[in-house]
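*Asks:* Working from the sequences, and respecting the hints, build out all of it.
There are 2 protein chains.
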Amino acid sequence: MELQSYRKYSQMAQGIIKPELVFKNANVFFSHTGEFRKGDVATAGGMILGVGNYEGEQEIDLEGRYLCPGFIDSHLHLESTLVTPGELIRQAAQCGTTTFIVDPHESANVSGTDGIDYILEQTEEVPANVYVMMPSCVPSTHVDDNGCTLTAGKMKAYLKHPRILGLGEVMDASAVINGSVSMHEKLNLFGERVRDGHAPFLAPGELSAYALAGISTDHECVDYEYAMEECRNGIQVLIREGSAARNLDAIVKGIVEHGTDTSGFCFCTDDKHIEEIRKSGHINYNVKRAVELGLPVEKALKMATIQAARCYGLKHLGAIAPGYQADFVVLDNLEDLNVLEVYHKGIRIQKDEKTEIKACNPQLKNTVHIHSFKESHLKLKHPMKKAHVIQMQEGQITTVDVTEEVPWKETAGEKVFAADKDYQKIAVIERHKHTGKVGVGIVKGFGIRGGAIASSVSHDSHNIIVVGDNDRDMAMAVRELICTQGGYTLVENGQIYETLPLPVMGLMSDAGYEKVNETLAKMIPKAHEMGIPRGFDPFITLSFMALPVIPEIRITPRGIYLVKEDRMIRNPFS
Amino acid sequence: MELQSYRKYSQMAQGIIKPELVFKNANVFFSHTGEFRKGDVATAGGMILGVGNYEGEQEIDLEGRYLCPGFIDSHLHLESTLVTPGELIRQAAQCGTTTFIVDPHESANVSGTDGIDYILEQTEEVPANVYVMMPSCVPSTHVDDNGCTLTAGKMKAYLKHPRILGLGEVMDASAVINGSVSMHEKLNLFGERVRDGHAPFLAPGELSAYALAGISTDHECVDYEYAMEECRNGIQVLIREGSAARNLDAIVKGIVEHGTDTSGFCFCTDDKHIEEIRKSGHINYNVKRAVELGLPVEKALKMATIQAARCYGLKHLGAIAPGYQADFVVLDNLEDLNVLEVYHKGIRIQKDEKTEIKACNPQLKNTVHIHSFKESHLKLKHPMKKAHVIQMQEGQITTVDVTEEVPWKETAGEKVFAADKDYQKIAVIERHKHTGKVGVGIVKGFGIRGGAIASSVSHDSHNIIVVGDNDRDMAMAVRELICTQGGYTLVENGQIYETLPLPVMGLMSDAGYEKVNETLAKMIPKAHEMGIPRGFDPFITLSFMALPVIPEIRITPRGIYLVKEDRMIRNPFS
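Same order as they appear, the protein sequences are chains P and B.
So the working numbering is basically just the index in the first sequence, starting at one, shifted up by 361.
So the working numbering is basically just the index in the second sequence, starting at one, shifted up by 361.
Hints should not be assumed to be uniformly reliable.
One copy or two, it doesn't matter: identical chains are merged, so the pair holds either way.
[As the list claims (entries may be wrong)] DSS-like cross-link-like pairs, simulated, lysine-lysine; straight-line CA separation at most 27 Å:
1. 676 with 521
2. 676 with 517
3. 925 with 379
4. 379 with 782
In case anyone wonders, no lab produced these hints; they're calculated from the structure.
*Replies:* See below:
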């Protein structure tokens with residue numbers, strides 16, 4: 362702070378001169394002490410000066426309502442919400458999230474540093490604090506076919522960027538633990554910063570070796586016992602409640618039951634769709650749900666504010682205290698926890714203000730590169746033996762690798778896999794570099810009948826993924842997404858039912874969230890009507906089926922990947 | 362960490378190869394979760410690799426004893442313990458303190474950067490982690506006469522030193538709040554680091570303005586209510602329990618009574634004499650006392666370990682988890698909390714190992730510069746009106762400014778102040794630059810009869826301070842300390858009873874702590890016999906009487922200083 366400014370602000374803090382803007386009669390949440398107390402909050406220049414008895418040049422009378430520091434989403438991917446970053450931020454900010462720790466992992470997998478630059482540019486003028494973690498696993502693993510390889514060398518230039526906080530989620534645990542040179546170059550480059558983890562289900566010794574490499578957070582934890590193991594290893598647990606993965610109930614129930622010290626926990630959404638944010642909220646939902654489960658509201662609020670700020674070294678965020686940024690959430694009461702108003706740097710965030718969508722580099726709208734795709738690429742010969750099947754799990758993105766008899770039929774003298782109500786076909790088509798790679802597998806529990814569902818959002822390489830019960834509809838879906846340069850599509854009996862184009866890197870729409878929501882509002886119920894269980898979101902769940910770091914079995918352009926064995930098989934009958 | 366080393370340690374953490382040293386069958390304190398659990402702690406190269414079931418190349422069987430991270434003293438001055446830094450560290454380390462956040466404020470006041478270099482050099486090879494905060498107030502205030510002025514310019518060279526953590530206790534609150542240029546240059550120089558506070562009794566608005574300047578700790582807090590005010594302002598409270606100032610009971614009782622969130626607290630000693638460390642312990646005493654007062658042991662241990670480490674950004678300290686330094690305290694049980702063994706980087710600290718005293722720059726042993734001191738300089742004319750009197754407060758270093766009639770006598774036709782059982786004379790003689798300045802005042806409640814007590818340790822300028830009931834003995838005491846180049850001395854009826862020479866900057870002995878203790882064991886009881894109340898340590902309390910930042914009234918070489926009014930008066934009758 363300039364000394365001239367300090368002198369003025371010091372006088373305001375002391376009440377010698379009137380502070381610019383005072384929030385009168387607030388029930389202030391002090392996150393350092395975890396308590397509510399009545400007071401006036403003095404601010405100037407978007408900064409908090411003090412809490413006490415103040416009269417301001419301008420005053421906002423809160424009439425006893427509850428004033429909390431703005432909430433922090435400690436880990437999320439903006440791209441997976443389908444809309445442009447500015448729109449998502451504005452929607453989530455209206456729910457009280459004023460700080461976003463973003464991993465532009467999806468953009469980087471498609472467009473490399475151009476994708477990271479896109480996220481940085483698009484979040485420059487939003488009414489929130491957006492920090493970026495440098496994606497660590499691009500591509501995610503050695504079995505991925507993505508658009509770009511992000512090395513430590515390419516990352517170096519970003520070290521000086523004021524909004525680059527550290528290294529993004531390190532998913533390739535075996536590269537870490539086994540001491541891969543390229544992985545450790547990245548870990549060392551960010552040696553003085555936060556290095557985010559992604560460590561589901563590591564064995565105890567492996568988890569220790571992973572923490573030993575300097576990784577200090579994880580958001581992949583799905584149960585209380587494992588969360589505690591992570592905390593004991595010095596890993597901060599970012600409790601995730603997103604669209605696909607919902608871990609809050611399991612972890613918070615354990616915390617409440619055991620009276621656990623909550624200092625090792627924060628909240629995140631990871632991936633949450635915009636229509637869900639509008640419906641149920643953002644980090645305010647995590648807080649509310651945790652309180653419903655019996656967590657004291659003060660502890661939930663500390664997780665949502667100062668604990669996340671400290672975890673990421675953001676000294677000016679997460680508290681209502683002198684020198685902190687004037688980011689506030691106004692709550693009606695401590696039972697309903699409804700967000701009434703939100704302020705960023707002392708300025709109120711308006712509800713549903715029209716967002717101007719910033720144009721992007723045109724190259725980022727030309728990223729689906731598939732020369733010669735044919736329906737015959739989807740054929741799956743049946744050698745009359747058991748197949749590895751991807752068994753879905755309701756409410757989870759994990760899958761189970763089951764080996765079973767699967768249905769077949771004879772076509773033109775050839776025995777081929779035949780979908781039925783239990784088993785359907787799943788395929789991934791490489792879309793970055795015209796390689797022609799297509800992987801075909803079998804999925805159980807997905808349930809689609811009489812058509813196909815396809816997406817260019819498929820973590821983390823974002824190739825085209827498609828599930829269907831007949832090759833014709835599947836091929837039509839793929840062709841549709843080549844044509845729209847990415848998107849979601851639903852095909853029913855030889856007809857395109859609806860398509861949501863996602864032309865920005867094949868990940869995001871630039872048509873505005875209203876259009877996105879309107880389209881999804883038609884597509885999602887239809888997908889469920891076509892047989893996809895209501896226990897999961899059709900497109901989001903689909904998008905994780907190609908992610909080779911999540912147990913137990915995945916589909917990639919190279920074939921079926923058995924995660925535990927780190928083994929690729931050409932087809933499910935191998 | 363080198364990749365080669367990581368690969369080896371990773372295998373050890375996973376139990377693939379045997380860790381170098383395993384602490385078997387420990388009851389491990391996990392400071393991240395605040396819980397004890399049984400396990401083996403694997404270490405190598407002085408670093409913790411993991412906690413679980415391990416077999417080691419070497420093993421130490423703890424047979425169920427309690428293994429905690431080494432304790433952290435979050436704020437102390439090494440010089441005030443009277444012995445050389447290495448000796449003090451070794452003594453305190455035997456009590457379980459393995460990390461010391463040191464402010465070499467005393468050395469800097471006498472010898473400037475040479476004094477800081479002395480502390481850095483002397484702590485290079487000790488069995489503990491010693492970090493240094495750059496003294497911020499040298500001299501302490503504009504009314505001080507010390508040996509050196511430490512500007513931001515002189516500090517700059519130290520920013521790169523790996524053991525310089527931040528800016529030391531900022532005592533001159535008014536310089537901060539009023540926006541003094543030189544103070545803010547120092548605050549800005551350490552803008553990205555920890556800036557320690559020293560903020561007793563600031564009014565609410567002042568405290569906010571002080572926190573607004575970026576100050577984030579304070580160890581001067583004497584009661585619970587003020588501690589909470591500091592916490593709410595984002596200031597971490599370092600609960601002090603030293604030789605002179607003991608604030609732990611007051612603050613911890615409040616915490617226990619109110620069930621307060623303890624995340625905003627750490628422990629420190631500030632100033633603790635070596636014989637007291639040997640008798641009652643160091644930070645282990647703070648822990649033990651807090652538990653006696655009803656604080657759960659897990660919370661006390663977090664204050665003594667991870668909370669202090671986090672407060673100072675020491676990511677490798679304060680926990681038993683992978684990647685943390687192997688600094689351990691072994692406790693017998695959770696009731697008695699006796700320290701059985703201490704380890705630093707996996708190596709056991711031996712009890713009472715002979716410490717080799719490192720030689721120092723000879724210039725540092727020639728720092729008492731007084732040309733022409735005469736007994737007549739101590740004369741105090743009595744103008745037959747009321748005088749400002751320094752009223753002592755038992756158990757505190759604060760004083761009360763009382764204005765009273767004081768006794769007098771007539772000598773050679775002149776009315777002069779005459780000491781009696783209630784009132785004695787106190788004087789400070791400038792000793793750095795031959796300025797000849799002598800301040801004389803009146804003290805009540807010090808109680809010395811039939812002699813004088815003097816010291817060259819007098820915070821923060823470390824001029825010669827003397828209290829007595831007659832000028833002859835006072836002058837003799839001052840002359841003795843000029844002769845020994847600093848020390849403590851006690852004069853009784855015209856005879857030097859005993860002197861403890863402190864030739865290193867007039868602050869420390871290089872004769873070894875045994876000699877220091879032996880001498881103090883004679884001098885302190887004698888001082889009490891001579892009338893100094895048993896409620897305070899004669900020399901330590903004396904050493905604070907010249908410190909112009911502590912309320913309400915002080916004595917300096919320029920005269921009497923009224924702290925609240927920031928006003929110097931030439932003599933107590935002014």
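*Asks:* Under the constraints set out in the numbered hints, which ones does this structure not fulfil?
*Replies:* 4
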